[in-house]
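Participant: Residues per chain, in single letters:
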Amino acid sequence: MRLQILERAADWPLVLPLFEGRIPAGFPSPAEDYAEVPLDLNEFLVQNKAATFLMRVDGDSMKDAGILDGDLLVVDRAAKPGSGSVVVVAVNGEYTVKRLRRTAEGVWLDPANARFQPMRVATDEELHIFGVVKHAIHTLR
Amino acid sequence: MNGEIFGLIDGNNFYCSCERVFRPDLEGVPVIVLSNNDGCAVSRSNEAKALGIKMGDPEFKLRELIKRENVRVFSSNYALYGDISRRVVETLTSMVPAVETYSIDESFLNLTEFRSRDLVEMGRELRERVLTWTGIPTCVGIAPTKTLAKLGNFLAKKRPQFCGVCDLRAATARAELLPSVPVEEVWGIGAASTAKLQKLGVATAADLAALEPEQARSLLTVTGGRVVYELRGISCLALDLLEPTRKGIAVTRSFGNPIFTWQSMSEAIASYATRAAEKMRRHKVEAAHLLVFIHTSPFAEGPRYSNSVSGRFMEATNDTAEVVGLALRLGARLWRDGYRYAKAGVVMTELLPETMRQPSLWSDLDREKRAKLWRVVDSLNADLGRDSVRLLSAGPTAAPWKLRASHRSPRWTTRWDELPKACAK
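Top line first, the protein sequences correspond to chains A and B.
For the first sequence, the positions run 1 to 141 when our numbering is used.
For the second sequence, the positions run 142 to 566 when our numbering is used.
This list has only true hints and no planted wrong ones.
Within a straight-line C-alpha distance of at most 27 Å, the following computed BS3-like cross-link-like pairs (lysine-lysine) qualify:
hint, chain 1, residue 1, chain 2, residue 2
1, B, K425, A, K49
2, B, K562, A, K80
3, A, K134, A, K63
Everything labelled a hint here was simulated from the structure, so no lab data went into it.
Isolated chain A, as found in the complex:
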């Protein structure tokens, strides 16, 4: 049998008809030409997937910053903590959530609740920051 190459398959524009789901028999949807990808909350909440971790708040020492007991924290380890950042930081071998404040006298870890006291950290070396809190997600129950 002799075969003759007529055309290379790779040269064709390979367009396959896509019939997914039901084809409405009536008038075509006017929205069809404006179809976009639905919004994804990850896009809003997570800048850096590799460096983002979730944590659960235990306690109300940050309530005046809008961070309540049981809230979900989106913590970014890649973000640079600056004065005023809410951070997750190791205090006495435990991760706690505080607001970082740098002053001439040193570094402070502030709560956001009058019942709690600010904490002074002598040097940056003693400051073990896990990451910067980018969002606190509060679920209404």
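Start from chain A and add chain B according to the hints.
Facilitator: Positioned in the frame of chain A, the structure of chain B alone reads:
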């Protein structure tokens, strides 16, 4: 120099470092992670190494030391290590496009395109970024071949003067350092090869590099010849970027407690077969062939028995019910009363991509419908936790033959109900 440049980056005491990510209290104290079934130490923090704990030390031998020195002991938490490993690779990819994930804690990098940069500085930046983003300390080896990159990584880890990055690109650096590396530390040189080499007086990496490649090949097969070239700076191994197609999927485990009854054995086989079917679906492959083995402990007292049997499916499948069904029929043929069984396994071979599924000729099973069923089961189990929906033949979730993992830390990053706490008290 115009050849390739490879990097090897790996996590220091990786499992222990993963345990520390969410436990700042574990910083500076001895930590060990035990193997499957809490058998022996498979990862040790530097503090634990300093106490003299060796790789593979059985847990029962360490008990006294653990108590006296307050060593923190963990069961393997693969959910955590796998997630952190993925994050490390993702972090590396943000700086280097060509990354080959070699194992859970090691990646090869192709650094050739960064030739004009200060690569030692780049190695430092990589370490810094992985530490900041994921919390994992690492070391980096840089060299013209993969074997030398591995060696550089070894030196970076063992010798503080390198500050975590060892560059073996220069022949002078290799001439200086290779004589100080024992030959068994060379990638690909195992215990048997080491014994053969030592008889010839080949004791160091430098001795091996000086060996005639022909002689190395006759002594250590093709690999040996390749190792010699690689140690001389001639690259024989390229970066393996494609995930190799799986040849087989094996689920084999030692039991938490020995098994005496077919009831327990059948539950074990059914649950390993379940896991194998899940793995196949995850990799979108089907198997045509299945092997089951069971055996007693080679170390324990008493009568010994070890046997395996294999069978073939009518058509390739990854349907849990079919895989479990065949595995149990085969297992029943192996079973003999009167032994203390220590281990069993289910091995799937002759794998084919799901897309090559043939229309059914033999069975009246509606394969599309069944595939849909298992997709639903998989997604339920993903949401509710492994084995929430399972075949009854796989037995209870807390059966005594199941692995011991009594010191497992929470799955911090993969379970909603095990998230780490941020204290606000």
